[in-house]
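Asker: Residue numbers (numbering that gives the first Met the number 0), protein chains in the order written: chain S, 0 to 213; chain P, 0 to 483.
Treat the hints with caution; some may be incorrect.
As the list claims (entries may be wrong) - 25 Å max Cα-Cα, derived DSS-like pairs, lysine-lysine:
#1 P:Lys273 to P:Lys261
#2 S:Lys203 to S:Lys7
#3 P:Lys8 to S:Lys33
#4 S:Lys7 to S:Lys145
#5 S:Lys203 to P:Lys273
#6 S:Lys33 to P:Lys90
#7 P:Lys273 to P:Lys8
#8 P:Lys373 to P:Lys326
#9 P:Lys174 to P:Lys273
#10 P:Lys343 to P:Lys295
#11 P:Lys171 to S:Lys203
#12 P:Lys343 to P:Lys382
#13 P:Lys50 to P:Lys8
#14 P:Lys295 to P:Lys375
#15 P:Lys404 to P:Lys382
#16 P:Lys273 to P:Lys172
#17 P:Lys94 to S:Lys33
#18 P:Lys326 to P:Lys94
#19 S:Lys160 to S:Lys145
#20 P:Lys295 to P:Lys373
#21 P:Lys50 to P:Lys90
#22 P:Lys8 to P:Lys261
#23 P:Lys273 to P:Lys13
#24 P:Lys90 to S:Lys203
#25 P:Lys172 to S:Lys203
#26 S:Lys203 to P:Lys261
#27 P:Lys13 to S:Lys203
What the hints assert, rightly or not - Some residues of chain P that are not near chain S, with every Cβ distance over 10 Å (derived):
#28 Leu74
#29 Glu82
#30 Thr95
#31 Glu158
#32 Leu184
#33 His200
#34 Ile250
#35 Pro315
In short, the hints are calculated from the structure, not lab data.
Idealized CB from N, CA, C, for every residue including glycine.
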Amino acid sequence: MQAFTVHKGAVAPLDRANVDTDMIIPKQFLKSIKRTGFGVNLFDELRYQDEGYPGQDCSRRPLNPEFVLNQSRYQGVSILLARQNFGCGSSREHAPWALDDFGFRCVIAPSFADIFYNNCFKNGVLPITLSDEVVEQLFNEVEANKGYQLTVDLEREVVVKPNGEELPFNVDAFRRHCLLNGLDDIGLTLQDADQIRRFEQRYKADNPWLFASE
Amino acid sequence: MAGQASRGKTLYDKLWDAHLVRQRDDGSALIYIDRQLLHEVTSPQAFEGLKLADRQPWRLDANLATPDHNVPTTLNERQHGIEGIEDPVSKIQVKTLDENCDHFGITQFDMQDQRQGIVHVVGPEQGATLPGMTVVCGDSHTSTHGAFGALAHGIGTSEVEHVLATQCLVAKKMKNMLVRVDGSLGTGVTPKDVILAIIGHIGTAGGTGFAIEFGGDVIRNMTMEGRMTLCNMAIEAGARAGMVAVDQTTIDYVQGRPFAPKGEQWDQAVTVWKTLHSDSDAVFDQVVVLNGDEIKPQVSWGTSPEMVLPVDAQVPFPEDAPDETRKEGYARALEYMGLTAGQKITDIPVDRVFIGSCTNSRIEDLREAAAVVKGKRVADTVKEALVVPGSGLVKAQAEAEGLDKVFVEAGLEWREPGCSMCLAMNADKLGQGEHCASTSNRNFEGRQGFGGRTHLVSPAMAAAAAIAGHFVDVRDFDRQASVA
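Chain S with its partners taken away, still in its complex shape:
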């Protein structure tokens, strides 16, 4: 997994609450057996005017000019500013895969759905929770200033605005550690393999019906 330390990038505002994972990456694209290539179909139904299908050449599809990511001023963005309950719905990890593949390294919102939030950390995408007021303020600033950029510093847990103002945020220590170092979760857990085996032995003795008889 790619590490996340400090990231500076341009911001796109997605002014809509309860953006669900079906909206982030519609179901027809979940048929892929790969982890990559989902970026062109990120927000497919909002982004294009027609219905998309897997493997299509998206460069020929009619774009929805209203959609924020299609506007010229938001080209090259890498930070998504969103509203409450972002990522609700299904557990599809294709949602953070699509965000990552598109080029987003960070999503800022007042709240996230649990499974999506968790999935982001496994893919080097940092979800940042800031208060409603702060997010509202950021929406105003992004919309008022073309090319608006933020600096996200995970080490110090602050978002730095163009004027130098710092917005503190909080991430669980374990997730922060893994993301800062780009660590593989499985490798870390397997360091505790002996402890898992000891647990399993005791647990099996107490709950033998949960194990197939050998």
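Could you slot chain P onto chain S? The hints should help.
Answerer: This is chain P only, laid out in the frame that chain S set:
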């Protein structure tokens, strides 16, 4: 310890403690996983990861796989097995599950196996879901299995790989919420209406960060199938896990199922299972109380499961929204759904009907729907009404009871098991602008097909809408039909 009052545990606390392998200093923990269910959509990248890292599954017997999301539901397409799947991309995904299960030695009920079906129907049906278990699956509706007094929730694909490799999940303890439904349900009011009413009450983010325990007389009096419907949609209230305490209803349901313990182990297990309830002095971080007597049949009108109303209500005005953000959401939903504020719910026409999904495709759901359509005909204006059983065994049971004939005679289509039109990954989908009375769980934009308009309802309400051609209150459906 002096000065520290001992506090009772909730069901969730008990399940968590029983599976805690290691509590880390940073607040995260390793919890042991008893059962992982696998399907074709969220597993290929996990298996690929295992292969690339040259890792083996920790415990083969903890895993059970079946294809469900992509499988076609017409007999025509199904009878030739995987090779008969017309969509080449779907075919590859189903085939990949087959190959991965063969490669690693994981038990799979493949597409031609009678035990195949929607993972959340198959697990409980086989007794592969047992009380006290931790159950995970790369699917958010894994919360379904909480109906058995299990800790069950959806995970992402990276976590699927993690559980395969380590039998553990890195987790953080959630908060405890009790949703109590007192009283009793009126005739024609079902568990689906209860969970939709709960979501309407607490909102789609109301349960975020919580494990929800459903309790109260209404839940105690529910069958296991009803409890599964309820827990299935806990995620639609934002809670990864929903659960119901174990009682005699749970134990009776589990007994005799293929994967359930037998003989001496059965008695041993039942003794443990009987402790799987919240202690009387347990403290919940939040308690929500609803009165079951006040719940009416529900119909979702918008594009989020919280946009739901009783069938006798009218489509709301944006100004009715509880806050500014939702006001915009309401306006957008009205436009997408092609509805007019103030319009009666019962005036919404229905183009298609879908009875199925991990929420409502079990035998009781099918009986409920069949009872409504028996001896009647689907309205001419309804283009298609599908009944998709949750598994091959549900299908066989329904056929043994003659339900398939009831449906077919009424003009509904009787299909092969799978997720089908719940998320339209196979050929079953809505056309642009079409309204669907659906027993599934999500009414998000495009969920059932590009531009499709989903209305979430119970099986009885979907069946009634199929006959009437628009939404009707199933409680006085017979009377309405005779008047019409």
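Asker: Taking the numbered hints from earlier one at a time, note which ones the structure violates and give those numbers from smallest to largest.
Answerer: 2, 3, 8, 13, 18, 22, 24, 30, 31
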